[in-house]
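Put together the whole structure using the sequences plus the hints.
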Amino acid sequence: MADRTSHKENPGGLTPRAAGGPAVATGVRESVDLASALHWYRQMVIARRFEEETERAFRRGKIGGYLHVYSGQEAVAAGMLAELRPEDIFFTAYRDHAHALFRGAPPGAVMAELYGKATGLARGKGGSMHLFDVSRGFYGGYGIVGAHIPLAVGAAYALRYKGTDKVCLLFLGDGAMNSGGFHEPMNLAGLWGKEGLCPLVIVVENNEYAMGTSVTRSSAVTDLASRFNQYAIPNERIDGMDFLTVRQTAARVAVDVRATGRPYAIEAVTYRFAGHGAADMFQPYRDKDEVETHRRRDPIVTLEHRLREAGLVDDAKIAAIQAEAEQIATDSVQFAEESPAPPPEDLHAHLYGEET
Amino acid sequence: MPEVIMPKMGDAMTEGKLLRWIKQQGEPVKKGEPIAEIETDKVNVDIEAEWDGVLARLVAGAGDVVPVGSPIAVIARPGEQIDASASARSAAPGGGAAPAQAASPQAAATTAHPRRPAATQPAPDAQGQVRASPLARRLAEQHAISLQAIIGTGPQGRITEGDVEAAVSARAATPAAGPAPAGPTPAGARDVALTRMRQTIARRMTESKHTTPHIYLTASVRMDTAMDVRRELNDRLGPERKISVNDLVVKAAALALVKYPNLNASFIGNAIRHPGEININVAVSMPDGLISPVLHHCDRKPLWQIAQEAKALAERARAGHLRSEDLTAGTFTVTNLGMFDVDVFAAIITPPQAAVLAVASAKPQAIVKDGHVEVATIMQLTLSSDHRVTDGAESAQFLREVRRLLETPASLIAEGI
Amino acid sequence: MPEQTYRDAIRSALIGEMDRDSSVVLMGEDIGVYQGTFRITADLLAKYGPTRVIDTPISEEGFVGSAIGMAMLGLRPVVEMMTWNFSLLAFDQIVNNAAKIRYFSGGQVDVPLVVRGPNGAGVQLSAQHSQSVEVFYAHVPGLRVVAPATPADAKGLLRTAIRGKDPVIFLEHAALYNIKGEVPDGDFVVPFGKAEIARPGRDVTIVAFSRMLQVALAAAATLAEDGIEAEVINLRSLRPLDHNTIITSVSHTHRAVVVQEEWKPYGAAAEISATIMEGAFDLLDAPVERVTGADVPMPYARNLELLALPHEEHIVAAVRRTLYREAASRA
Numbered sequence: 525m526a527d528r529t530s531h532k533e534n535p536g537g538l539t540p541r542a543a544g545g546p547a548v549a550t551g552v553r554e555s556v557d558l559a560s561a562l563h564w565y566r567q568m569v570i571a572r573r574f575e576e577e578t579e580r581a582f583r584r585g586k587i588g589g590y591l592h593v594y595s596g597q598e599a600v601a602a603g604m605l606a607e608l609r610p611e612d613i614f615f616t617a618y619r620d621h622a623h624a625l626f627r628g629a630p631p632g633a634v635m636a637e638l639y640g641k642a643t644g645l646a647r648g649k650g651g652s653m654h655l656f657d658v659s660r661g662f663y664g665g666y667g668i669v670g671a672h673i674p675l676a677v678g679a680a681y682a683l684r685y686k687g688t689d690k691v692c693l694l695f696l697g698d699g700a701m702n703s704g705g706f707h708e709p710m711n712l713a714g715l716w717g718k719e720g721l722c723p724l725v726i727v728v729e730n731n732e733y734a735m736g737t738s739v740t741r742s743s744a745v746t747d748l749a750s751r752f753n754q755y756a757i758p759n760e761r762i763d764g765m766d767f768l769t770v771r772q773t774a775a776r777v778a779v780d781v782r783a784t785g786r787p788y789a790i791e792a793v794t795y796r797f798a799g800h801g802a803a804d805m806f807q808p809y810r811d812k813d814e815v816e817t818h819r820r821r822d823p824i825v826t827l828e829h830r831l832r833e834a835g836l837v838d839d840a841k842i843a844a845i846q847a848e849a850e851q852i853a854t855d856s857v858q859f860a861e862e863s864p865a866p867p868p869e870d871l872h873a874h875l876y877g878e879e880t
Numbered sequence: 101m102p103e104v105i106m107p108k109m110g111d112a113m114t115e116g117k118l119l120r121w122i123k124q125q126g127e128p129v130k131k132g133e134p135i136a137e138i139e140t141d142k143v144n145v146d147i148e149a150e151w152d153g154v155l156a157r158l159v160a161g162a163g164d165v166v167p168v169g170s171p172i173a174v175i176a177r178p179g180e181q182i183d184a185s186a187s188a189r190s191a192a193p194g195g196g197a198a199p200a201q202a203a204s205p206q207a208a209a210t211t212a213h214p215r216r217p218a219a220t221q222p223a224p225d226a227q228g229q230v231r232a233s234p235l236a237r238r239l240a241e242q243h244a245i246s247l248q249a250i251i252g253t254g255p256q257g258r259i260t261e262g263d264v265e266a267a268v269s270a271r272a273a274t275p276a277a278g279p280a281p282a283g284p285t286p287a288g289a290r291d292v293a294l295t296r297m298r299q300t301i302a303r304r305m306t307e308s309k310h311t312t313p314h315i316y317l318t319a320s321v322r323m324d325t326a327m328d329v330r331r332e333l334n335d336r337l338g339p340e341r342k343i344s345v346n347d348l349v350v351k352a353a354a355l356a357l358v359k360y361p362n363l364n365a366s367f368i369g370n371a372i373r374h375p376g377e378i379n380i381n382v383a384v385s386m387p388d389g390l391i392s393p394v395l396h397h398c399d400r401k402p403l404w405q406i407a408q409e410a411k412a413l414a415e416r417a418r419a420g421h422l423r424s425e426d427l428t429a430g431t432f433t434v435t436n437l438g439m440f441d442v443d444v445f446a447a448i449i450t451p452p453q454a455a456v457l458a459v460a461s462a463k464p465q466a467i468v469k470d471g472h473v474e475v476a477t478i479m480q481l482t483l484s485s486d487h488r489v490t491d492g493a494e495s496a497q498f499l500r501e502v503r504r505l506l507e508t509p510a511s512l513i514a515e516g517i
Numbered sequence: 071m072p073e074q075t076y077r078d079a080i081r082s083a084l085i086g087e088m089d090r091d092s093s094v095v096l097m098g099e100d101i102g103v104y105q106g107t108f109r110i111t112a113d114l115l116a117k118y119g120p121t122r123v124i125d126t127p128i129s130e131e132g133f134v135g136s137a138i139g140m141a142m143l144g145l146r147p148v149v150e151m152m153t154w155n156f157s158l159l160a161f162d163q164i165v166n167n168a169a170k171i172r173y174f175s176g177g178q179v180d181v182p183l184v185v186r187g188p189n190g191a192g193v194q195l196s197a198q199h200s201q202s203v204e205v206f207y208a209h210v211p212g213l214r215v216v217a218p219a220t221p222a223d224a225k226g227l228l229r230t231a232i233r234g235k236d237p238v239i240f241l242e243h244a245a246l247y248n249i250k251g252e253v254p255d256g257d258f259v260v261p262f263g264k265a266e267i268a269r270p271g272r273d274v275t276i277v278a279f280s281r282m283l284q285v286a287l288a289a290a291a292t293l294a295e296d297g298i299e300a301e302v303i304n305l306r307s308l309r310p311l312d313h314n315t316i317i318t319s320v321s322h323t324h325r326a327v328v329v330q331e332e333w334k335p336y337g338a339a340a341e342i343s344a345t346i347m348e349g350a351f352d353l354l355d356a357p358v359e360r361v362t363g364a365d366v367p368m369p370y371a372r373n374l375e376l377l378a379l380p381h382e383e384h385i386v387a388a389v390r391r392t393l394y395r396e397a398a399s400r401a
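Chains as they are written, first to last, in the working numbering: chain H, 525 to 880; chain E, 101 to 517; chain C, 71 to 401.
Just so you know, not all the hints are guaranteed correct.
Pairwise CB distance ranges, derived in the manner of DEER restraints [to be verified]:
1) E/H310 <-> H/E869: 55 to 65 Å
2) H/E869 <-> E/A412: 48 to 58 Å
3) E/K131 <-> H/G589: 41 to 51 Å
4) E/R231 <-> C/I85: 57 to 67 Å
5) C/P335 <-> H/R660: 42 to 52 Å
6) C/E348 <-> E/I372: 47 to 57 Å
7) E/A429 <-> C/E348: 54 to 64 Å
Hints in this document: simulated from the structure, not taken from any laboratory. Cβ coordinates follow ideal geometry from the N, Cα and C atoms, glycine included.
Shown next, in the form of structure tokens:
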């Protein structure tokens, strides 16, 4: 079960945080949160429907290669991105469909990219693992576990170097924390952070499994948040299945990082309902019961309860949102199906910025 | 896309001229129908369609000179779409910088067809490979020197640029290196352009005379018995298989070559190459020159078969329907001017062969036998042979064997039947 | 024309670019406080400050990756590889990120990154510190790979590299840092993909790059004493490769010798050889010769190290083979 206590390690001398308790987060900005939370509830429902649609398309042979769906983890990306400004940027790995959608990419363009069509976000050149939407601050979309991490560190440096107060968000998984590609840039982040040159919000999406190996079997130290202490990066662990908790944390952290230019790490404990990727159908590494248990903590359902309690939604509203999500997902598939494949000359396009 | 390519109609042929299109673009064609006429080194030939279809695109025009193996047209088979791009060769992704020079991929599939030589291979020089750098080959061709005549000093006998240049200089050093340079046509004179055949003959015969040291031997053959036997055979064999005097000579030569294989060989610079087959070129006179199609394996074929094939060859030659196998792999030549009443003549060896047998007319002559004069039918044979491969004594023995076989024709027949 | 050392040419180019464009930043191990292991970046920390001259911890994967991230956001980082051997630790970042991000994002982002440093062997640094890595990178679409042989090359190519939009593998050579050469005044650049005829000739084409150019020129001088005039091509650029200059030259000389310091199998000379075959097959009088380093990890002992590297006499012998004049030699 997820441990909800927060850790606070601030060797760099930042203002200490109030420790969150084990109960469901309540409090300060609740009414404001809930109103805009409805918007995000809708986004999460759309993302969930979208991911189900991608799985269906994959089984029908319309999507090739790898497909890593986000179902179950929506609260993390939604909560974090809800607090990002339009001019801020972010990086993630390959489980990136929901991130693109939450940031405002048209669902049709995302589905078209998965279908490998010319109208895709990356013109069909990247596929599921390489969604990019630079105009909306989304810098990819990467396939090698952990290898995107230094990119985000450097990008954060560039934001400060240019004198902006923009923030860079970095999503990574529990598995990436064990790669060499994590250690080196985290050291740089901590180092540069001391000069205020690394405005990086690090979000570890701990879904308890690195591909098919559980955190307990792959990490010598399973308290993932605490491992950032080695890099002088302040950190905390939160419940990643609760949108409101994630969002509140994001708000607080973003303000801090933006002000100081120092990195901060959030371990969001979450769970993915689907396999690692589409090929991971039988999931021999975990129990059906375990998955069912976690389904009872579905972040969409959790938020729905909160919204109902606050009187912001009722059955009709929920049904309407579901129908809308259904329609959006279906429309995105239709758009993708009807879009053309990239023309043959695109094979050699976009390789170099300059021809010689 | 089924391409029609310029076929290789002779060992040394590198290009041919498209004389005219028999079928036009867009016309339907049937397999076996002639679609174009081409002029090659040796002969004018019709190209036949290899598939049913439509003559979709003409790639070469009348009068164009096209390298062997290059496409001259495209036939679309029923149901096929014409490719918009000129050739499907560059379809490979990441296509290379250099455009493909080799023949179309169809060539591999068509090597089995006698009319479509394997155009993807570089022109082998006569029988088999000669090692020469690409540059050397090019230079040799430009200077009209056969690589067979050049000694290679590179590794494994490779002929190099230097070797070709040395051969060119050596040739230039000999007197009468070439025809006098032509000045303006004097008044009253008339210049006639050379046909490809004439050009080729001029070039090859000159080269032969310059590079091959010829020796000449003549023998007089008593043909009385042979004529009698021939008449008898022809009565039995019927018009289709009529045996000519030349057929007798060809068979005699073939059997004699079995005993004297050097006369069947080739000088290749650092060795003498024995081809392992006896294939005899039989000269056929044509309106504008001479052509020598090949009878294969003459030593193994019975006389009547040689006669039949020789007849068929001559007909094909005159009709312009010779196939490439009719013009390749010859190892010895028999040429006959008997029908012109010539008493005796000497022929020029066709490179890279080692010898040629010239047959003059068989006529009644006075001879001396046992001390008194008799009349006999005498035919003079003159052998020209390559002194790099053989010598006078061996040539004489070969010629003596030919005479023996002709004067006792039972052995000609017995060998073959 | 003024002369500069190869080192100073690089250094002055860096300074010029940093003055010209504030988005240029330098990163690398010991480039700041230590003044740079080859002193290329000496005094630059004091001049530009630690935000622009970043001393990195020993973490090639981390700092090359960070540099890529910076480049994606519009900075122009010039990363110093202390030696190119260490780049293998950052190979994934260079090959999977720097080379490909522009492509798999559908052109949404450029990676104007330059990685520079000394490549190659020659001073008894043993197997792990003596490699030539050009082939690993020249193989990868999305990268540019250059290897300046002269001070002028170094300066002109570095400017092109820093000002361009694409990731550049800039291969210097420790043995060249002290050589002097003429360097034009002013803001000249050397474009990528243009080789230089370092010495015109008519009898054979010798193709070389980086330190091997000097060796090739020495061989050409020796051959000239025997009446053999070699045309020597200084490639400068491996990707893109200047096919035209190579083919045009070999079309006239009819024979070629390609020289590389690195191991023979699958090396740059193999690529150049194939290029020559594709473009000038009919005009070749001899197979293309490859003069290369020995196919072994670099040994430590000086005599063995010398045996493992190509020298002038190897080039001379190869040229003679192409001319079928192996036996001949000057009395």
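Sort out which numbered hints this structure fails and list those numbers smallest first. Violated hints: 6 and 7; rest satisfied.
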